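Asker: Taken in order, these protein sequences are the chains called A and B.
Just so we're aligned: 264 in our numbering is position 264 of the first sequence, and the numbers increase by one with no gaps anywhere.
Just so we're aligned: 137 in our numbering is position 137 of the second sequence, and the numbers increase by one with no gaps anywhere.
Certain hints may be false.
As a list, the in silico DSBU-like pairs of lysine-lysine whose alpha-carbon atoms are at most 35 angstroms apart [as the list claims (entries may be wrong)]: (1) B:Lys-35 with B:Lys-124; (2) A:Lys-251 with B:Lys-35; (3) B:Lys-35 with A:Lys-35; (4) A:Lys-124 with A:Lys-35; (5) B:Lys-35 with B:Lys-251; (6) A:Lys-35 with B:Lys-251; (7) A:Lys-251 with A:Lys-35.
Far from chain A, by Cβ distances over 10 angstroms, these chain B residues were calculated [said to hold, decoys possible]: (8) Cys-65; (9) Leu-121; (10) Leu-135; (11) Asp-155; (12) Asp-198.
Partner residues aside, some chain B positions facing chain A, computed with beta carbon under 8 angstroms [to be verified]: (13) Leu-81; (14) Thr-94; (15) Val-250.
Bear in mind the hints are in silico, worked out from the structure with no lab data behind them.
Source: prediction; values computed, not measured.
Positions of the beta carbon are idealized from the N, C-alpha and C atoms, including for glycine.
Listed below are the residues making up each chain.
Protein chains: 2
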Amino acid sequence: MTRYFTEAASAETVNSRMGPDVDPRLAEVMTSLVKHLHAFTEDVRLTTAEWNLAIDFLTRTGQICSVERQEFILLSDVLGLSMLVDAIDHRRPTGATESTVFGPFHVDGAPVLPMGADICLDGKGESCQFEGRVLDLQGRPLEGACLDVWSDNADGFYDVQQPDLQPTWNNRGRFITGDDGRYRFRGIKPTSYPIPDDGPVGQMLSRLGRHPYRPAHMHFLVTAPGHRELVTHTFVGGDVYLESDAVFGVKESLIAPFERREDADAQWRSTYDFVLAPA
Amino acid sequence: MTRYFTEAASAETVNSRMGPDVDPRLAEVMTSLVKHLHAFTEDVRLTTAEWNLAIDFLTRTGQICSVERQEFILLSDVLGLSMLVDAIDHRRPTGATESTVFGPFHVDGAPVLPMGADICLDGKGESCQFEGRVLDLQGRPLEGACLDVWSDNADGFYDVQQPDLQPTWNNRGRFITGDDGRYRFRGIKPTSYPIPDDGPVGQMLSRLGRHPYRPAHMHFLVTAPGHRELVTHTFVGGDVYLESDAVFGVKESLIAPFERREDADAQWRSTYDFVLAPA
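Chain A extracted, bound-state conformation (with noise of 0.2 angstroms):
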C-alpha cells in the first residue's frame, strides 16, 4: 500500500486509513463510496474551479434545509436516488404491487372514515370515486387491511402546504376493508405540481433542461395484518407528465385508469387493486 497520496491510487489510500475497530457495514459502504467518487473524478477530470462550483452547491443545499424543508432529499429525488434505494431496500415478490417514493407529505393519524366518505373538504376539484380491493399473492381479498391515503387539491398543493388556506385533513383519510377485501372513497382527480424549485435543486433542474413537475398521482399507503407495508402512488392515467416526472416516481404498473362519468358518484372513477407481499 502506497504510504503517501499518487494519484493513481488515490482512493486505496484512503480506504487503507480505516482502522481496525470500524463498524464492518461502515467500512463497506465508505470503501465503495470512497471508490466511486475518486472514479468520477478522474472519469471527468473534475477541475478546481468546478469543484468550487460543487462545494458551494452543497453548502446552499444544506444550508436552506429548515424544519419546513429538505433539500438533500429533493437533491436525492431529482437524481433518481430516492426510487433507487426504495427499489433495493423494498424487492418484492412478482404479482405484489410496485412502490414507490414515500414523499414528504404524509400526516400520521388521519381519520379513520367509512368506506365511501368524502376527503375532499375544500370542495375543490374534480371528483373521483377511488375504488377496488386490497389482496394477497394468491388472489384472496384481505380483510382488516388499512389503506392510508393523501393527495395534492385542485391548486396542487397538499393541506399541510397550506395550513391557513386549507381544512385540516383536506384531501386525507383511513379506510379498513371488510371481509370482501373492497375498499371506496371519495376524491378529486389529483393534479399535477411543481417541486419546490426556487432553491439549489430548483437551479440546477433549470441548468440540466429538466422541468419541476410531477404527474397527478393518489398517494396509498396499504397495511394489514400479516403482510408487508406497502408505500405507493396510484399515477393518473394520460397526465403530461408521467414520462418525465421530476423524481422518477412512475413505473408502468402503477399508471391507474380514471374514466370520466357523471353520475351520482362522482365525475371520474378510478379503479385499482393493491396486492401485497406477505410478512
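Based on these hints, arrange chain B on the given structure of chain A.
Answerer: The following block gives chain B in isolation, referenced to the frame of chain A:
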C-alpha cells in the same frame, strides 16, 4: 430508452432526461456523477435507514458552514478528493516541484520582507532557518520569484484562527528572489495540528477510526514571471503523522530535511529547492 423508472436502468433513465441545450461539460459531469452514485447505491445495496443517515449527515455538514468554517471542503479533504482534484488539475512535467492542497489559512497581502527576516512575531516555538533556491526546469535560478509563506505557530494555530492572541501576520511573509534565485527566512519549526473535528466530519473520522491530525508543514505559494504558480507545502521530515495526514496532503517529494543546529541563525535549518514549470 426506458420511459419509466426501473432498477436495472436507473442511471440511464435519469440521464436521458437532460434537455437538448444543456452545456456539454455540465452534461458530461452530471452523466458521470449519476452513473457513479447509482453504481455505489447498487454495489452496497443501500438501505432506507442508511440513506436517512446520509441525508442527515449532509444536512448537518451544510448547516455548520459559516463565514469562518467550510465543512464541505473539510469533507472533501478527508475523503482525499481535494488532493485528487489538485493532482488532476495541476499536472506538471517531471522535475517540477509537486503541488498539494492550498488549505483555508492563506491570507492575501502578507508583508514583503527582506531576505533573512524573521516571520515569527510571537516569540514562541523553536526557530528555524528556511533556505533554498527557486529554479526552472533546466536548473537555472529564477530572479524575481515571489515566495508567499505561512505556517501555524508553536501552539498549532494560524494567526487568523487566534486574532486576539497572535500578532497580525504572525508566521507569514513574502520574499522576492534576486538573480541567484535564493531565498532565506527565519520562522519556526512548524507543529502538527488537528483539523476542526467538533462537527460532522470529525464524527465521521472518529467512526472510521481515523485521527484528525496533519503533520507539521510550511506553506509555500511560489510565483515567477513566465512560470506556473505553485501551491505546496514542505513537510517536517520525521513527523509522526507523515503517513497518516488527515487530508492526504503528503507527497514523498515534499518531505524536507529539518536539521537541528545551535548557532547564531536558528535552532533548526530546512533546505528545499522549488522547481517551477513554464507557463
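Asker: Are the hints correct? Go through all of them and say.
Answerer: Quick rundown of the hints versus the structure:
1. B:Lys-35 with B:Lys-124: violated, 52 angstroms
2. A:Lys-251 with B:Lys-35: With a Cα-Cα distance of about 20 angstroms, the restraint between Lys-251 of chain A and Lys-35 of chain B holds, given a limit of 35 angstroms.
3. B:Lys-35 with A:Lys-35: Measuring from Cα to Cα gives roughly 13 angstroms; hence the hint holds.
4. A:Lys-124 with A:Lys-35: violated, 52 angstroms
5. B:Lys-35 with B:Lys-251: This hinted pair holds, its Cα atoms lying about 31 angstroms apart.
6. A:Lys-35 with B:Lys-251: Given pair Lys-35 of chain A, Lys-251 of chain B holds - Cα atoms ~20 angstroms apart, limit 35 angstroms.
7. A:Lys-251 with A:Lys-35: Distance ~31 angstroms between Lys-251 of chain A and Lys-35 of chain A Cα, so the pair holds.
8. Cys-65: It is violated; Cys-65 of chain B is separated from chain A by about 5 angstroms at its closest Cβ, not greater than 10 angstroms.
9. Leu-121: Nearest chain A Cβ is 32 angstroms from Leu-121 of chain B, so the label holds.
10. Leu-135: holds, 23 angstroms
11. Asp-155: holds, 26 angstroms
12. Asp-198: Answer for Asp-198 of chain B: holds, closest chain A Cβ roughly 17 angstroms.
13. Leu-81: It holds, given that the least Cβ distance between Leu-81 of chain B and chain A is near 6 angstroms, below 8 angstroms.
14. Thr-94: violated, 14 angstroms
15. Val-250: holds, 5 angstroms
Of the numbered hints listed earlier, those contradicted by the structure are 1, 4, 8 and 14.
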